[in-house]
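S.K.: Here the UniProt record's numbering is used: position 643 in the first sequence is 643, and no number is missing along the way.
Calculated from the structure, these hints are not laboratory results. Among the hints, erroneous ones may be present.
With beta-carbon atoms standing in for the labels, derived distance ranges [claimed, not checked]:
#1 Arg325 x Val163: 23 to 31 angstroms
#2 Pro489 x Lys75: 36 to 44 angstroms
#3 Gln471 x Phe264: 31 to 39 angstroms
#4 Trp83 x Arg144: 32 to 40 angstroms
#5 Arg144 x Arg167: 22 to 30 angstroms
#6 Thr350 x Ile284: 50 to 58 angstroms
#7 Gln471 x Gln349: 16 to 24 angstroms
Please read all numbers here as calculations on a predicted model, not as lab measurements. Quick reminder that beta carbons are idealized off the backbone N, C-alpha and C, glycines included.
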Amino acid sequence: MNNFKTSTKSDKIKVLNVAEKPSVARSIANVLSKDHRIEETKSPFNKLFKLDYRLKDVEVEMWITSVTGHLKSLKYPQKYQSWEKWDPIIILKEAEIENNISTDKQNLELNLKNFASICNRLILWLDCDREGENIAFEVMEVCREANPNIQVNRAHFSAVTYVDVRRALDTLKYPDENLSNSVIARQEIDLRIGASFTRFQTLLLQKQFNLSSIVSYGPCQIPTLGFVVQRQKEIDSFVKEQFWFIQSEDDQKCIYNWDRTHLFDELIVALLFERCYQESATVINVQQKDVQKWKPYPLCTIEFEKLASKKLKISAHKAMELAERLYNKGYISYPRTETNKFPPTINLQTIIRDQQNHPVWGEYATNLINFAFEYPKAGNKDDKAHPPIHPVKMMIESEAQNRQEWDVYQLIARHFLACCSKNAKGSETTITLQINDETFSKTGLVIKEKNYLEIYIYDEWSQSQVPNYQQGDSIKIKLTLQKGSTSPPKPMTEAELIGLMDKNGIGTDATIHEHINTIQDREYATKRGQIIKPTKIGLALVESYEILGFTLHQPFLRAVMEQRMNEVALGKKEKSQIVQATINEMTIILKQLQEKQNLIIKTFGSYLEALKNYDEDNDNDDNNQPRIPLDEAEETTQNQPKVNKKTKNQRNKKSDEQPKNSITPPSICQFCNSLCVTNKQLNGKLIQICPKLCQIQEDINQNSHHQSTQNKDNCFQCNLCQNFMKIRYSKIKKTNFLGCSSYPQCNQAIFLPDTVKSIKLIDKKCTKCESPLFSLQFNENYNQVHQTSFFCLFPGCQYIIKTDWKQNKDSNQTSFVGKQQNKGENTGKYPFNPHQQNRNFYNKDKSNNQQKFPYYKN
DNA sequence: GCAAGGTC
Numbered sequence: 001m002n003n004f005k006t007s008t009k010s011d012k013i014k015v016l017n018v019a020e021k022p023s024v025a026r027s028i029a030n031v032l033s034k035d036h037r038i039e040e041t042k043s044p045f046n047k048l049f050k051l052d053y054r055l056k057d058v059e060v061e062m063w064i065t066s067v068t069g070h071l072k073s074l075k076y077p078q079k080y081q082s083w084e085k086w087d088p089i090i091i092l093k094e095a096e097i098e099n100n101i102s103t104d105k106q107n108l109e110l111n112l113k114n115f116a117s118i119c120n121r122l123i124l125w126l127d128c129d130r131e132g133e134n135i136a137f138e139v140m141e142v143c144r145e146a147n148p149n150i151q152v153n154r155a156h157f158s159a160v161t162y163v164d165v166r167r168a169l170d171t172l173k174y175p176d177e178n179l180s181n182s183v184i185a186r187q188e189i190d191l192r193i194g195a196s197f198t199r200f201q202t203l204l205l206q207k208q209f210n211l212s213s214i215v216s217y218g219p220c221q222i223p224t225l226g227f228v229v230q231r232q233k234e235i236d237s238f239v240k241e242q243f244w245f246i247q248s249e250d251d252q253k254c255i256y257n258w259d260r261t262h263l264f265d266e267l268i269v270a271l272l273f274e275r276c277y278q279e280s281a282t283v284i285n286v287q288q289k290d291v292q293k294w295k296p297y298p299l300c301t302i303e304f305e306k307l308a309s310k311k312l313k314i315s316a317h318k319a320m321e322l323a324e325r326l327y328n329k330g331y332i333s334y335p336r337t338e339t340n341k342f343p344p345t346i347n348l349q350t351i352i353r354d355q356q357n358h359p360v361w362g363e364y365a366t367n368l369i370n371f372a373f374e375y376p377k378a379g380n381k382d383d384k385a386h387p388p389i390h391p392v393k394m395m396i397e398s399e400a401q402n403r404q405e406w407d408v409y410q411l412i413a414r415h416f417l418a419c420c421s422k423n424a425k426g427s428e429t430t431i432t433l434q435i436n437d438e439t440f441s442k443t444g445l446v447i448k449e450k451n452y453l454e455i456y457i458y459d460e461w462s463q464s465q466v467p468n469y470q471q472g473d474s475i476k477i478k479l480t481l482q483k484g485s486t487s488p489p490k491p492m493t494e495a496e497l498i499g500l501m502d503k504n505g506i507g508t509d510a511t512i513h514e515h516i517n518t519i520q521d522r523e524y525a526t527k528r529g530q531i532i533k534p535t536k537i538g539l540a541l542v543e544s545y546e547i548l549g550f551t552l553h554q555p556f557l558r559a560v561m562e563q564r565m566n567e568v569a570l571g572k573k574e575k576s577q578i579v580q581a582t583i584n585e586m587t588i589i590l591k592q593l594q595e596k597q598n599l600i601i602k603t604f605g606s607y608l609e610a611l612k613n614y615d616e617d618n619d620n621d622d623n624n625q626p627r628i629p630l631d632e633a634e635e636t637t638q639n640q641p642k643v644n645k646k647t648k649n650q651r652n653k654k655s656d657e658q659p660k661n662s663i664t665p666p667s668i669c670q671f672c673n674s675l676c677v678t679n680k681q682l683n684g685k686l687i688q689i690c691p692k693l694c695q696i697q698e699d700i701n702q703n704s705h706h707q708s709t710q711n712k713d714n715c716f717q718c719n720l721c722q723n724f725m726k727i728r729y730s731k732i733k734k735t736n737f738l739g740c741s742s743y744p745q746c747n748q749a750i751f752l753p754d755t756v757k758s759i760k761l762i763d764k765k766c767t768k769c770e771s772p773l774f775s776l777q778f779n780e781n782y783n784q785v786h787q788t789s790f791f792c793l794f795p796g797c798q799y800i801i802k803t804d805w806k807q808n809k810d811s812n813q814t815s816f817v818g819k820q821q822n823k824g825e826n827t828g829k830y831p832f833n834p835h836q837q838n839r840n841f842y843n844k845d846k847s848n849n850q851q852k853f854p855y856y857k858n
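Based on the sequences and whatever the hints tell you, model everything.
M.R.: Written out as structure tokens, the structure reads:
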């Protein structure tokens, strides 16, 4: 029952103003007149504000109201609701789509029709972005239905402030259909791709693998998952690398860093250590300089979400929920904003004054007002619709509904006050030491003025003291040769993911947190604390795309879409052209997926099986290795834990062992006559090195080891990169093979016959090629008896087991004398042929992809 | 039961 009735007594021209949300309508009314009247409408949130105004010298009655985002939404007609009945290709390519006003927006439609039928003019105050322009057309269409003669204008504003609103009214323009069409194109493409690919994947995989969720596909959610999977793969394929460095410590326990940082060659570091070793150093420089720690940029949504996640440990999704609540209660400004610079029209002093009575930071605010204020830095993002997030009303802790709400308000208020403060100032002192040819340095910091750091508790700037030395001083030092190793990438945090999505244009400020939520709802990823990790399903899905050659999880899909939308927005292309082109390209991909559906099931299943021990809830990546099958035959370094243990032992051994002890009578370089340095390596081998590096010579008095004995897991050198081959383990084949230790940079491998179950390196060498020998364990049902129990696996050496470097897709089989294996064709034993694709997820040959998938062509 | 974009 429509009990709404608005008054129409006045004879003045009536101008209907429509904003995108209730708050903007309210702000416009406030800006234009404090004496406005407020009327209820059929939609409880969307009030109607009325006021008298002089518009271009004409007295008019302004009616200001709002919608709540889009009025219309795209959907497939009822007949397509059955997933089983329709080929996803039809859903993608041919099914008609309806664009109607959603049921929950019908009250707004009635409002607009009612007001438009009474008003003479319509001014569209939708946000000044593409979506806003499209909503403007939706509003205009509804209003024109009720009043075909209504005169329409578009207001362009960068903030809802007095100056901007007045300026917008003085320079009214017309809505831009190209901008709006680019949105319609995006909507249609997203729906068609999302619905068709989701139906295909779900029907293919859900029942087969007893999955509780649908297996959705979306051009934002899947690239989001792609980032999470990529990081996990980087962690799991990480191979630790050892490095060495020289450390210098003075008698005040101050440690100076080597200016060469560290080197990956133990020999060179040992040599340099020998050459510079002494017990005193000269202070060659003491440099002091003033430094600043910069205050933050004004707060946009993305930054707010990152800060909430990182500093408050509140998820982006929850933080937005809390911010929206604070906004609705009038404590903060609109929280969905891309802008990180304040418009000159906003009165910052007034906002600070509102905080002057605050029990926690009132004094700080007063101090800012009186003398410490400095204008905020200007960021480079501006959505032309909303200012950066800032407090609009003071809130004290007891007014907050809970701790998290208070934390969010506090973050926003403190951030704003920090923006209006001065940078922190300090003094940095760097001491440089010279020890023979090597230099070492140490930098200390003294904070002189904390300024914004007083209020901004989220930033740290730690002080560190340095000794009070003068240039030319000679000081006593202790030099040590140290060893370290590179660390794997850190697990993906939510804040990092938000940053990656923002950088790659995945989602918008208002939707990024929703996509992160979606991948969790779909059981593609889990979040523990601030760490996001892929689940088995998420890994298996992305890996299946990867292995089968699809780039559906790559972020550039969205970038191409954005580029095409821009062409429509600029009027260079028709929306139908880009919809057609995109859908045609995606049809090719969907058809390929359909053709490969058996392979998809097999690949997806193999990954789930291989990942059955993968602990998706464990954040500790050191204790959770190996879990992910790498793209090369699901390989993992079987011996990795042993390698690490050995490294530790070696380090301990090294610390007891001073290099000086290892010196034997030096020899003379045969090229330059310099006195050579003898160095003992960690493996005990002695080496004579010329200081000018003319020659490096193994000490003949020592027991000369084959290089492969440097590390007990190393076999012989890779014929491609000269690093060592190692015993690896294929989780899917459940057998050993030899893989290059430089994987994934080098993918050289040697596979063994299926009859070989496992291999073990032994302390014997091949008499023919000097490579280390292996003892082999054969499958139980393999009966052939060999005359020897030790085998050489160096390609081309032994006649009993013939092995080969696996360099291309046709040579992925090793052969066994007397028992020839299948060659070439994929036998179904492997879930895929890894050599048909680039193995390396991160160094994908894009040109190749582009050839295969025209959708990604620019 | 499908997407992503507005907004509450």
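S.K.: Indicate, hint by hint, whether the structure satisfies it.
M.R.: Taking the hints in turn, this is what the structure says about them:
no., hint, in the structure
1, Arg325 x Val163: 23 to 31 angstroms, "holds (30 angstroms)"
2, Pro489 x Lys75: 36 to 44 angstroms, "holds (42 angstroms)"
3, Gln471 x Phe264: 31 to 39 angstroms, "holds (33 angstroms)"
4, Trp83 x Arg144: 32 to 40 angstroms, "holds (38 angstroms)"
5, Arg144 x Arg167: 22 to 30 angstroms, "holds (27 angstroms)"
6, Thr350 x Ile284: 50 to 58 angstroms, "holds (55 angstroms)"
7, Gln471 x Gln349: 16 to 24 angstroms, "violated (48 angstroms)"
Hint check: a violation occurs at hint 7 only; the rest are consistent with the structure.
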